[in-house]
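Residue numbers (this note's numbering): 94 to 509.
Read the hints as simulated data drawn from the structure, not as lab findings. Treat the hints with care, since some could be wrong.
To be verified - Derived SDA-like pairs: lysine to any residue, alpha-carbon spacing no greater than 20 Å straight-line:
hint : residue 1 : residue 2
1    : Lys392    : Arg346
2    : Lys188    : Thr237
3    : Lys421    : Thr431
4    : Lys379    : Arg447
5    : Lys421    : Pro125
6    : Lys140    : His197
7    : Lys392    : Tyr466
Claimed, not checked - Just the calculated beta-carbon pair ranges, DEER-fashion:
hint : residue 1 : residue 2 : range
8    : Ser373    : Arg252    : 29 to 39 Å
9    : Leu399    : Ala495    : 35 to 45 Å
10   : Arg223    : Ala480    : 44 to 54 Å
11   : Glu227    : Gly190    : 45 to 55 Å
12   : Phe460    : Glu385    : 27 to 37 Å
13   : Ala253    : Ala389    : 25 to 35 Å
14   : Gly449    : Leu399    : 41 to 51 Å
15   : Glu191    : Glu220    : 18 to 28 Å
16   : Ala491    : Ser359    : 36 to 46 Å
17   : Arg281    : His413    : 21 to 31 Å
Bear in mind that the values here come from a model prediction, so they are computed numbers and not experimental data. The beta carbon of each residue, even a glycine, is placed where N, CA and C say it ideally should be.
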Amino acid sequence: MAKLWGGDGLHPLVEAYTVGEDYRIDGDYMLPFDLQASEAHAMMLSKIGVLTAEEAQTLKKALKEIGELWREGKFKVERSQEDGHTAIEQYITEKYGEVGKKIHTGRSRNDQSLTMIRLFALDRLREVQRLVAELAAAAKARATALEGVPMPGYTHMQRAMPTTVGRWLDAFACGWEDASPLLAAAARVLDQNPLGSAAGFGINGLQLDRAETAKLMGFDRVQENPMYCGLSRGTFENVALQAMSFAMVLSCRFATDMMMFTQQESAFLRLPDNFVTGSSIMPQKKNYDLFEIMRANGKVFGSLQLQIQETVVGLGSGYHRDLQNTKKAFVEACELCTSTLRLLIEAVPRLEAREGNLKAAMTEDLFVTDEVYKRVAAGTPFREAYASAKADFFKRQAQREAEEDGAPSKRAKNGS
């Protein structure tokens, strides 16, 4: 199939290697945003007199038609087309003739890609912001319900001081709330229209109305410097993932806590059986491996974000095809973030506290710091109170251990 730049005789191995999975990413994720940008561009070209009103309406009809076919699973981007931009233009040209050859006027595949990725990124940032707000609200509600349930607090993975299940869960709720302004700030950075920057140098001899396309696509403003538009490719995706990483990191830390508090040695918390898996050999197993996958996905998310950052770090200004590889990483990272948050929105409201186990775990060691401050309140200097409470605690502990260690021999002696 003919390419927009010609190249019909390209070696098949070169084509496969250079196209990679770009055509699939466009076909699976990016096409609706490419269509949105193409419609705005066509309407603007009509406004400035490059297209007639009839041609603009024909293009609008064709783009809508492609969108409907895509939603039905009937519009595919082929490897030989390289990307969705080519697939769209070729479809319109084959079905509607000469008008299809005009839709690329005043733009390059560079700003076409920039614009559809920018629209995709803003869509995902807003989706993550919505999901994280829903998760925070769900965690707040469940935390309130569990506020009165006592729970050991931990530092260094060791028992530390008393807390409650509600306070523990509310800590994560507070964090998820704080993710929202970071996501909003990232969206503010990205919310500028790169369409019309072409290959990074604008278009001489054609007065594109970039404010018009910004308005039609819902951008807050125009990204004025065309060279900065090109410079922002990859960089803005990195900004978006950095904002999402706050919620992802927090979610993965929640997953680690859940693995600790659901293990049989503590059994403080549980979820309904439809959230756990089993074993192919051990019938008794209930595995909370959704949280194991969540922990791993946090690391995968970080590696994808770093992949984009490291790709951009080595590049100068202007377009480099290295940037093509940031698209797949960006899409995968966004999918990991949204799927993680959706799962937690389902799981957190169903979190159950096993109150008997929790109350049994509220042992003396958790209250030693409280004893220190009782002595401080009675007038003892802190360091003396600390030392005396520590000595008294370990003395009592040693006595208990000695009694427990001697219990079998005493029973044996009494029985003889």
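The hints, checked one at a time:
1. Note on Lys392 and Arg346: the hinted pairing holds, with a Cα-Cα distance of about 11 Å set against a maximum of 20 Å.
2. At roughly 60 Å between alpha-carbon atoms, Lys188 and Thr237 are farther apart than 20 Å, so this suggested pair is violated.
3. Note on Lys421 and Thr431: the hinted pairing holds, with a Cα-Cα distance of about 16 Å set against a maximum of 20 Å.
4. Proposed proximity of Lys379 and Arg447 is supported: the alpha carbons are some 16 Å apart, at most 20 Å.
5. For the hint linking Lys421 to Pro125, the alpha-carbon distance of about 16 Å falls within 20 Å, and the restraint holds.
6. Only pairs whose Cα atoms come within 20 Å are accepted, and Lys140 paired with His197 is accepted, the gap being roughly 15 Å.
7. Taking the CA atoms of Lys392 and Tyr466, the gap is near 41 Å; set against the 20 Å cutoff, the hint is violated.
8. The hinted range of 29 to 39 Å is satisfied by Ser373 and Arg252, whose Cβ atoms lie roughly 35 Å apart.
9. For Leu399 paired with Ala495, a C-beta distance near 54 Å fails the hint of 35 to 45 Å.
10. Between Arg223 and Ala480 the beta carbons are some 53 Å apart, a value that agrees with the proposed interval 44 to 54 Å.
11. Take Glu227 and Gly190: their Cβ atoms lie about 48 Å apart, and the range 45 to 55 Å holds.
12. The beta-carbon spacing between Phe460 and Glu385, approximately 33 Å, falls within the hinted interval of 27 to 37 Å.
13. In this structure the supplied range 25 to 35 Å holds for Ala253 paired with Ala389, their Cβ-Cβ distance being about 27 Å.
14. Checked against the given bound of 41 to 51 Å, the beta carbons of Gly449 and Leu399, roughly 44 Å apart, stay inside it.
15. For the hinted restraint 18 to 28 Å between Glu191 and Glu220, the CB-CB distance of approximately 39 Å leaves it violated.
16. In this structure the supplied range 36 to 46 Å is violated for Ala491 paired with Ser359, their Cβ-Cβ distance being about 25 Å.
17. A hinted range of 21 to 31 Å for the beta carbons of Arg281 and His413 is consistent with their spacing of about 27 Å.
In this structure, the hints that do not hold are numbers 2, 7, 9, 15 and 16, in rising order.
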